[in-house]
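Trainee: Line by line, the protein sequences give chains A and B. Using my numbering, the first residue of the first sequence is number -15, and each one after it goes up by one. Using my numbering, the first residue of the second sequence is number 53, and each one after it goes up by one.
Don't read these hints as lab results, they were simulated from the structure. The beta carbon of each residue, even a glycine, is placed where N, CA and C say it ideally should be. Hints may be right or wrong, so weigh each one.
[Said to hold, decoys possible] Over the 10 Å line for every Cβ pair with chain B, so calculated as not near, a few chain A residues:
1) Thr(-1)
2) Thr1
3) Pro2
4) Thr10
5) Asn12
6) Gly24
7) Arg52
8) Ser64
9) Ser90
[What the hints assert, rightly or not] Here are some of the chain B residues that sit facing chain A, going by a computed Cβ distance under 7 Å:
10) Tyr77
11) Gly85
12) Pro92
13) Gly95
14) Met97
15) Tyr116
16) Asn152
17) Gly154
18) Gln156
19) Phe157
20) Gly160
21) Thr161
22) Gly162
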Amino acid sequence: DAGITQSPRHKVTETGTPVTLRCHQTENHRYMYWYRQDPGHGLRLIHYSYGVKDTDKGEVSDGYSVSRSKTEDFLLTLESATSSQTSVYFCAISEPGPYEKLFFGSGTQLSVL
Amino acid sequence: AQKITQTQPGMFVQEKEAVTLDCTYDTSDQSYGLFWYKQPSSGEMIFLIYQGSYDEQNATEGRYSLNFQKARKSANLVISASQLGDSAMYFCAMREGLANTGNQFYFGTGTSLTVIP
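Take these sequences, add in the hints, and give me the full structure.
Mentor: Okay, here's the thing in structure tokens:
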């Protein structure tokens, strides 16, 4: 299985505070993704990255920013957390190959109070 | 428009019976890939099966098979001989475009499957 680690696993924060979630991979894969999972919505793409310093927005990017200064690390920042950003956040990497499947981290449960 | 539609929020199946989870997709690309993932209550996302848009035969992986009907744009997951451990959330997903070219992956809203002893 792909080496992909998310930190923290759980976080509780207050409205208005900035929050950074980290995704670390040991596979040296090029493409990385941040999704959020909410009941009734499935997984929705927040941001994704093609490589170092090369990122793009997904369908629910408002209120989020990302950075990728090294191949192995993809950071997701909630600039000023709101209660609507309470969610489970998944990082994923795509494994190159004939069908390029996604591997997921274990997820981060974020609660914004 | 939704790229992936899963119309069954919840499904029940008797142990040892087969069950079909529905998935339809929307794309104008000729090249795409279709995936199913399983998410047990522990929360991890587990890859189950893949079907490429050019694959003529339905994909199979053990007890999982993907009923691919290209003209209808459907990619239903069939689980044969259901087991209690199959109780989980199941997500259908699509990668638009060619593999390994930085395309997005789209997910459906999921189907919660409960296997009854």
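Trainee: Confirm or reject the statement that Thr10 (chain A) sits farther than 10 Å, beta carbon to beta carbon, from all of chain B.
Mentor: For Thr10 (chain A), whose nearest Cβ neighbour in chain B is about 17 Å away, the distance exceeds 10 Å, so it holds.
Trainee: Would the hint on Met97 (chain B) stand, with a C-beta cut-off of 7 Å toward chain A?
Mentor: holds (4 Å)
Trainee: Measuring from the C-beta of Gly95 (chain B) to each C-beta in chain A, is the shortest one below 7 Å?
Mentor: Nearest chain A Cβ about 5 Å off; hint holds.
Trainee: Report holds or violated for the interface hint on Tyr77 (chain B), using the least CB-CB distance to chain A and a cut-off of 7 Å.
Mentor: violated (13 Å)
Trainee: For Pro2 (chain A), is the shortest beta carbon distance to chain B beyond 10 Å?
Mentor: holds (25 Å)
Trainee: Holds or violated: the hint that Phe157 (chain B) contacts chain A, with Cβ atoms closer than 7 Å.
Mentor: Interface hint status for Phe157 (chain B): holds (6 Å vs cutoff 7 Å).
Trainee: Taking C-beta pairs only, is Ser90 (chain A) more than 10 Å away from all of chain B?
Mentor: Nearest chain B Cβ is 6 Å from Ser90 (chain A), so the label is violated.
Trainee: Interface hint check: Tyr116 (chain B), Cβ to nearest Cβ on chain A, cutoff 7 Å. Holds or violated?
Mentor: With Cβ-Cβ at 14 Å, over 7 Å, it is violated.
Trainee: Just to be careful: measuring from the Cβ of Asn152 (chain B) to every Cβ in chain A, is the smallest value less than 7 Å?
Mentor: OK, holds: Asn152 (chain B) within 7 Å of chain A, min 5 Å.
Trainee: Taking the minimum C-beta separation from Ser64 (chain A) to chain B, is that value above 10 Å?
Mentor: holds (26 Å)
Trainee: Does Gly85 (chain B) pass the interface check with chain A, least Cβ-Cβ distance below 7 Å?
Mentor: Holds, because the Cβ-Cβ distance from Gly85 (chain B) to chain A comes to roughly 5 Å (cut-off 7 Å).
Trainee: Run the C-beta distances from Gly24 (chain A) to all of chain B and say if the shortest one exceeds 10 Å.
Mentor: violated (6 Å)
Hint violations for this structure: numbers 6, 9, 10, 12, 15, all remaining hints satisfied.
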